[in-house]
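With these hints in hand, go ahead and build the complete structure from the sequences.
As you go down the protein sequences, you meet chains A and B in turn.
My numbering applies: residue 1 is where the first sequence begins, and numbers increase by one.
My numbering applies: residue 1 is where the second sequence begins, and numbers increase by one.
For the record, the hints were derived by calculation from the structure and aren't laboratory data.
Virtual Cβ for every residue (Gly too), placed ideally from N, Cα, C.
Wrong hints could be hidden among the right ones.
Quick look at which bits of chain A chain B covers, simulated, 3 or more residues with Cβ under 8 Å [unchecked claim]:
| hint | segment |
| --- | --- |
| 1 | 168-181 |
| 2 | 270-280 |
Heads up, simulated DSS-like pairs for lysine-lysine below, C-alpha to C-alpha not over 30 Å straight-line [said to hold, decoys possible]:
| hint | chain 1 | residue 1 | chain 2 | residue 2 |
| --- | --- | --- | --- | --- |
| 3 | B | 16 | A | 96 |
| 4 | B | 16 | A | 173 |
| 5 | A | 200 | B | 16 |
| 6 | A | 173 | B | 210 |
| 7 | B | 28 | B | 108 |
| 8 | A | 273 | B | 104 |
| 9 | B | 28 | A | 96 |
| 10 | A | 278 | B | 108 |
| 11 | B | 210 | A | 200 |
| 12 | B | 154 | A | 277 |
For reference, the chains in residue letters:
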Amino acid sequence: MVSTNLTRFLDSLSSKRHVRHLIYSLSIIIFLALILTPPILGILLKWNLMGEIFTQPNLTSRAASAIYASFAIALFVSIIDILAGLPMAWFIARGKSQWLSVLDTLADIPFILPTVTLGYSLLLFWSKPEGISSLFGGNSLITPGWLLIILLHFTFSYPVIVRVMVGALLDYKIVYEEASRTLGAAPLTADRTVTLPILKPALIAAFVLAFARSISETGATFLVAGTFENGPVFIKNAREAQSEGPLVLVSFILIAVSCMIYATIRLLGTRLKIPVKKVWPLAERRLSSLGVTTFRNLSTIAIFLILVLTPSLFVAFPAVYAVTGGTLSQALTGSGVWQAYWQSLTLSYLLGMVVTLLNILIGLPMAVLIARKRVGRAPSTVLDVLVNIPMIVPSIALGASLGIFWGNFAFVPEVLLLIFSHLAITYPYFVRAMTAAIERIDMDLEEASRILGARPFAVFRTVILPLTKYSMFSGAIMMFTRSVDETGATLAVYKTLKTAPVLLVDWVTRKPPFASVSPLEISLGAGFLVVFSFVILLVLRFVTKGRGRA
Amino acid sequence: MPEVRVVNVTKKFGQKIVAVDNVSLHVKDKEYFSLLGPSGCGKTTLLRLIAGLIKPDEGEVYIENQLVNDVPPEERGIGFVFQTFALFPHMNTWDNVTYGPRVKALEKEKSERIGREVLEMVRLYERLDAFPNELSGGMMQRVALARALAAGAKLLLLDEPLGQLDAKVRNELRYELRRMVKELELTAIHVTHDQAEAMAISDRIAVMKKGRILQVGTPEELYMRPQHIFVAHFIGESNFLEGYVTRVESGEATIELRGGILVRSMDETKKKGDKVVIAVRPEVLAIEKERRRNTNTLLGEVERVRFEGTNIRYEVRLENEDMVVVVRPALREEWFNVGEKVTVSFPAEKSLVFVYPEKGLGEELSVE
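Written out as structure tokens, the structure reads:
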């Protein structure tokens with residue numbers, strides 16, 4: 001009875017134009033006040049300190065190299081991810097074996113593993129004697145440094161490419177390819193001259209996502225960087241050395257250049273032409289043969305298994321050993337370092353839940369605003385672009401500038417700082433997902449509902465929500481895991497409260513008081529994160545089963 | 001020159017759906033052949049099997065007497081016009097049309113000459129630079145056709161090529177399609193669910209239902225001498241009257257309809273006692289005011305009248321409660337009004353007798 005009255009009250013409230021305007025205005029104000037403006041102001045507040053770095057040539061050189069390294073690695077990794085991930089996506093989307101769904105799930109693994117776990121797993125696999133190094137008679141096949149960073153970034157961006165391109169290929173109308181085949185084109189010619197150009201928007205989106213992930217990644221990068229510095233590692237080191245000027249300058253450059261690159265890709269990407277006029281019928285027919293195709297598919301799977309999956313899951317071995325040894329019982333009783341671990345894990349999940357709920361509350365009106373262009377076409381497009389900004393800038397840079405801004409307000413407790421920084425990182429993911437879901441709903445359905453007498457809130461409650469609930473749920477899961485996984489921004493703002501990924505970074509780097517944490521303990525700690533992530537993925541798969549994937 | 005033979009071809013989707021069920025077919029060289037049937041009857045699947053876009057589970061497909069089961073579509077020498085046109089959205093008209101010659105690496109001058117010729121043939125040369133989203137439905141259809149023709153194939157496969165167009169454009173383009181195919185001396189296999197379209201442009205038609213071919217013949221053969229009750233129903237329109245054979249003599253069957261009405265039909269294949277259905281076309285039925293009883297006359301009352309331009313359509317409730325449709329030329333005969341008592345009659349030689357279907361008349365005539 002109470003809920004019915006409340007629903008009726010909200011329905012009637014929503015029919016008042018000024019109430020709707022208030023809600024939409026509030027969502028824009030909150031976005032600007034909590035998410036977009038603080039990082040910008042944080043940089044501007046310390047503008048005068050940026051010049052400090054130029055008085056120290058070594059520091060200037062270090063900063064320049066770090067910034068260059070970030071963008072060079074991101075560009076290189078995004079290109080090789082496309083080259084390696086696209087054939088895999090093709091194989092999954094077009095293949096006919098029942099095992100492909102298994103491959104599809106496996107390809108997601110690096111995506112759902114917490115990146116700090118991924119980083120540690122790759123460190124073990126490539127750089128420690130326990131890993132592949134022993135097969136080559138050495139202690140470390142690939143030492144921590146730029147090459148290991150590239151391998152790490154390649155690994156965690158690979159699923160992004162595969163996911164985006166599988167979706168695009170499944171949505172793609174196969175009739176175009178059939179048409180080109182009936183006109184005499186060999187399969188490879190058809191793919192190159194027809195399919196790829198039509199999928200260009202998806203390719204660009206995949207490239208941008210992979211680039212953004214690489215630029216942004218901090219926690220795992222720190223584990224595998226050794227003495228090498230990219231932008232995020234430089235910022236972390238500067239924070240620990242309390243060098244505010246260099247920290248602010250590098251943060252500013254990373255943010256500004258990321259935004260410029262994103263804008264450039266958005267504007268020029270559509271003009272990028274994939275060459276379609278030239279054909280090599282004989283060569284492309286040979287390359288389309290069964291033998292060549294089989295070789296390509298096998299190579300694709302081999303690259304995935306050797307460079308992506310095995311290194312990602314390698315941490316499972318010591319984790320299993322830790323379980324069968326005595327480490328598990330210590331972990332479950334919370335003794336020793338494990339007390340701090342469980343506290344951090346609890347903090348991570350509580351933070352994730354709070355951030356998820358807040359994002360739903362403040363992000364949903366924004367998604368409706370953008371999807372339905374409630375403020376007009378041009379302003380909605382501007383909002384759409386602005387919402388993406390936190391997603392494409394390095395999270396540690398974002399966190400650093402947020403920390404500087406909120407640091408001016410002594411009454412802001414540390415936990416709130418963590419919430420604000422996680423909110424800024426995760427907000428775009430939810431708004432993007434919900435905007436896309438709402439845009440997919442035919443306007444006719446809403447109009448039919450209004451004509452039948454439903455007030456705006458009733459339309460939202462009875463039409464939009466039911467049709468977007470799976471997107472909302474999967475968006476919430478993604479937000480939650482993103483928050484739990486978030487390391488960079490947390491490293492930039494925390495004082496005493498450590499989330500699980502930050503704690504794991506301290507364990508791996510033997511930061512006091514964790515200098516004596518054993519490898520088995522680290523592996524088990526990482527293993528717990530992996531198990532919980534898998535459970536969340538299974539829940540997501542179960543709920544969204546059969547929707548949006550053939 | 002391409003003739004097409006399909007021999008005992010079967011195609012299943014999953015365990016339960018038999019899309020094409022042991023079909024055999026022969027399309028002659030330079031013939032304009034249509035596959036006609038309701039949605040889901042397997043006609044598009046059969047076309048795609050001929051094109052090589054899917055493979056048969058059983059049977060063989062021959063093009064120019066060559067077995068092509070394992071030959072991919074790009075090597076079958078076919079042109080295919082899709083129902084949705086499938087114009088490449090990232091290419092303009094010129095690039096779409098010259099795609100076939102380009103992927104076959106023809107010389108540039110030859111590709112361009114072919115492109116110009118086919119675009120002039122379809123009267124779209126002035127829209128070279130237009131992209132598909134800038135063209136009307138009729139224009140897109142013509143570009144799709146030009147593209148298929150420019151590929152140089154002698155066998156043209158068309159999957160409901162006019163299905164997306166409005167009625168007037170459809171009526172105009174169907175004749176243009178046949179004219180171009182005949183001019184270029186192509187063999188064409190055209191899939192459609194529109195029997196008027198198939199009748200207007202085809203040399204021969206295969207009527208399909210539930211994955212099987214019921215009858216192959218010229219439009220006249222199918223219309224005047226349907227061999228299956230579904231063909232009588234699907235091609236044109238028929239009245240169906242149920243009854244029992246009471247006598248067969250001198251090539252004529254006497255059938256007792258509901259209510260004891262006796263009619264005669266030219267049929268000697270049925271036996272006394274057989275349950276049958278008589279099919280009579282609406283335009284074959286005569287209607288008059290004078291109430292009389294004679295051979296093949298049925299008394300009734302006009303229940304509904306519809307003016308259809310060229311014709312008047314009467315729905316007449318017979319004395320035995322059966323309903324018949326009578327179609328008469330609007331301008332040449334007197335009109336009848338609702339409620340008028342009339343006599344409906346038909347000549348014995350213009351009716352057809354079918355064995356009553358095992359599954360029931362409704363099920364047999366269903367188009368779903």
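A quick look at each hint next to the structure:
{"no.": "1", "hint": "168-181", "verdict": "holds (count 7)"}
{"no.": "2", "hint": "270-280", "verdict": "holds (count 4)"}
{"no.": "3", "hint": "B:16 to A:96", "verdict": "holds (19 Å)"}
{"no.": "4", "hint": "B:16 to A:173", "verdict": "holds (26 Å)"}
{"no.": "5", "hint": "A:200 to B:16", "verdict": "violated (38 Å)"}
{"no.": "6", "hint": "A:173 to B:210", "verdict": "holds (26 Å)"}
{"no.": "7", "hint": "B:28 to B:108", "verdict": "violated (34 Å)"}
{"no.": "8", "hint": "A:273 to B:104", "verdict": "holds (22 Å)"}
{"no.": "9", "hint": "B:28 to A:96", "verdict": "violated (36 Å)"}
{"no.": "10", "hint": "A:278 to B:108", "verdict": "holds (11 Å)"}
{"no.": "11", "hint": "B:210 to A:200", "verdict": "violated (40 Å)"}
{"no.": "12", "hint": "B:154 to A:277", "verdict": "holds (25 Å)"}
Figure legend: structure checked against the earlier numbered hints; hints not met, in rising order: 5, 7, 9 and 11.
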